[in-house]
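Peer 1: Letter by letter, the chains look like this.
Number of protein chains: 2
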Amino acid sequence: MSRRILIGDRRVDTIDPADRGLAYGDGLFETMRAHRGAVPWWDAHWARLVRGAGRLRLPVPDPARTKQEAEALLDGRDAVLKLLLTRGAGGRGYAPPESAEPMLVLSVHDLPPASPAEGLSLCWCDIRLAVQPALAGLKHSNRLEQVLARMEWDDPAIHEGLVRSSEGDVVCATAANLFILRDGSWHTPPLDRCGVAGVCRAWAMEALGAVETRLDVTDVETAEAIFLCNAVRGILPVARLGARCWAPHPQISALQARLAVEVPAFAAAFTMERS
Amino acid sequence: MSRRILIGDRRVDTIDPADRGLAYGDGLFETMRAHRGAVPWWDAHWARLVRGAGRLRLPVPDPARTKQEAEALLDGRDAVLKLLLTRGAGGRGYAPPESAEPMLVLSVHDLPPASPAEGLSLCWCDIRLAVQPALAGLKHSNRLEQVLARMEWDDPAIHEGLVRSSEGDVVCATAANLFILRDGSWHTPPLDRCGVAGVCRAWAMEALGAVETRLDVTDVETAEAIFLCNAVRGILPVARLGARCWAPHPQISALQARLAVEVPAFAAAFTMERS
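Protein chains in written order, with the working numbering: chain W, 1 to 275; chain B, 1001 to 1275.
Derived from the structure by calculation, the hints contain no laboratory data. A virtual CB, placed ideally from N, CA and C, is assigned to each residue, including glycine. Treat the hints with care, since some could be wrong.
[Unchecked claim] Okay, the calculated beta carbon distance ranges per label pair:
(1) 114(W) with 1008(B): 31 to 39 Å
(2) 1057(B) with 51(W): 45 to 53 Å
(3) 158(W) with 1063(B): 40 to 48 Å
(4) 1043(B) with 91(W): 25 to 33 Å
(5) 51(W) with 1008(B): 55 to 63 Å
(6) 1043(B) with 2(W): 26 to 34 Å
(7) 268(W) with 1008(B): 51 to 59 Å
(8) 1059(B) with 110(W): 40 to 48 Å
(9) 268(W) with 1064(B): 46 to 54 Å
(10) 1043(B) with 168(W): 37 to 45 Å
(11) 1043(B) with 158(W): 36 to 44 Å
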């Protein structure tokens, strides 16, 4: 795994122990799939980072410089690229110091193992996501809820957990967005109360003509088909949720095939799943 | 400012860029007032850290070793001591790796300036605290709400902001707990939905025989007296909240005097405020 750390324009070797990302999770991140050293969804990830930075009033690093550093680090590989942008070093106290210069950490990680060809097995998580419109949709670095949700199961046969909000709406999986098929149309939960607005979710919404619909547990369990998605693993068909099982659905296979054609980064994941 | 970083039992020089505190705010902290190199409320801070670690399933560092490191670092000074405990380094993904060894950062900071003798001026913050019983009461490192709340004002004449929950209850200030006097008895908001259960709050509750009461904006604005408190600055009388003003209240002065006697670390703060 390789990594670069930038503070403003300067390359540095170490994390400042006074970084506010470490102190308060005062930052944002993006996790992207790279193919042959390039990130096909770079623009969408960058746009989300810029939106998040606006909401948190974080200065945005230079886009061209960041992309150049990322591509140098990827060095032609198929890999996962993570960007972490924090507010930078500060003293004690929540007020961001005037002088804080944002820190950017770029890191390259191995691709995750291929998803099970037969589809994912899911559980329901007990923890509810708190409703916070000021942070909803952002991929910010306050992720204790996701850590707690992910700690709820250790059965390796369970691949992901679905999480509801404190209002009872189904929101997402711990690290993926959710789509369900009902009466011939696709639905995904709105993310104006909590949850992360995924880059692959946006692609899938457009590809499917999906609509945002508040969903409860029954909506999900009685759906004709469901899948998860994220920008690293693509489209992930779901085979089981507790006692409920779903057969492979042709619309999901077709969506995977379409993604593999439009974004070849995901062709390998798709082929591996089918092999 | 001096600092020590421990991973398990080993002293290290730098923060691992893969630390989960940095990635996800996956950690807890304590901020304490030290007097002549000792922390009078050490046991209460440590107990809160242990409670939080239990909720987050974080291993707790050795208490004797930690105290010894803290005292060596304080070196006899009057100062603020901060402990930050994170889950340690991990790969991508929310599941804590089996092998993660917690990181502990101890740092010593200057005491804050004395509080204004005439009392604090407060505002109401717009952002609401999300309701999350799984994290309520803990001093965890997911503090974006507090950062956003603190960014709402930049008028130096405003010292603190009061924050409500998404349910409309008044919870706390951005970095202090709240007490109000009504009909001769003291009340402080319960912290079972959100907020941090402060160490000074626990002391003040016992000293005053205060009770936990859900409070709304009117309860606060019509109170006979109000104060804030935290474990670094002690008891902080409030003089103004928006258009509402309060004269100094003898019960608050008496509480400050009692704190200065019981915990001499706060005598200086108190004397300075009165000088």
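Peer 1: Each of the hints needs a verdict: does it hold here or not?
Peer 2: Here is what the structure says about each hint:
One distance hint, 31 to 39 Å for the beta-carbon pair residue 114(W) and residue 1008(B), holds here, with the actual separation near 35 Å. Range check, residue 1057(B) to residue 51(W): about 33 Å between beta-carbon atoms, so the 45 to 53 Å window is missed. Remark: the range hint 40 to 48 Å for residue 158(W) to residue 1063(B) is contradicted by a beta-carbon distance near 36 Å. For the pair residue 1043(B) and residue 91(W), the beta carbons lie near 27 Å from each other, so the given range of 25 to 33 Å is met.
For residue 51(W) paired with residue 1008(B), a C-beta distance near 39 Å fails the hint of 55 to 63 Å. Take residue 1043(B) and residue 2(W): their Cβ atoms lie about 45 Å apart, and the range 26 to 34 Å is violated. Between residue 268(W) and residue 1008(B) the Cβ separation comes to about 38 Å, which falls outside the hinted range of 51 to 59 Å. Here the CB-CB span from residue 1059(B) to residue 110(W) is close to 27 Å, at odds with the stated 40 to 48 Å.
In this structure, residue 268(W) and residue 1064(B) meet the distance hint of 46 to 54 Å, their C-beta atoms being roughly 52 Å apart. Remark: the range hint 37 to 45 Å for residue 1043(B) to residue 168(W) is upheld by a beta-carbon distance near 40 Å. The given range of 36 to 44 Å is respected by residue 1043(B) and residue 158(W), whose C-beta atoms sit roughly 40 Å from each other.
Going down the numbered hints, you'll see the structure goes against 2, 3, 5, 6, 7 and 8, while the others check out.
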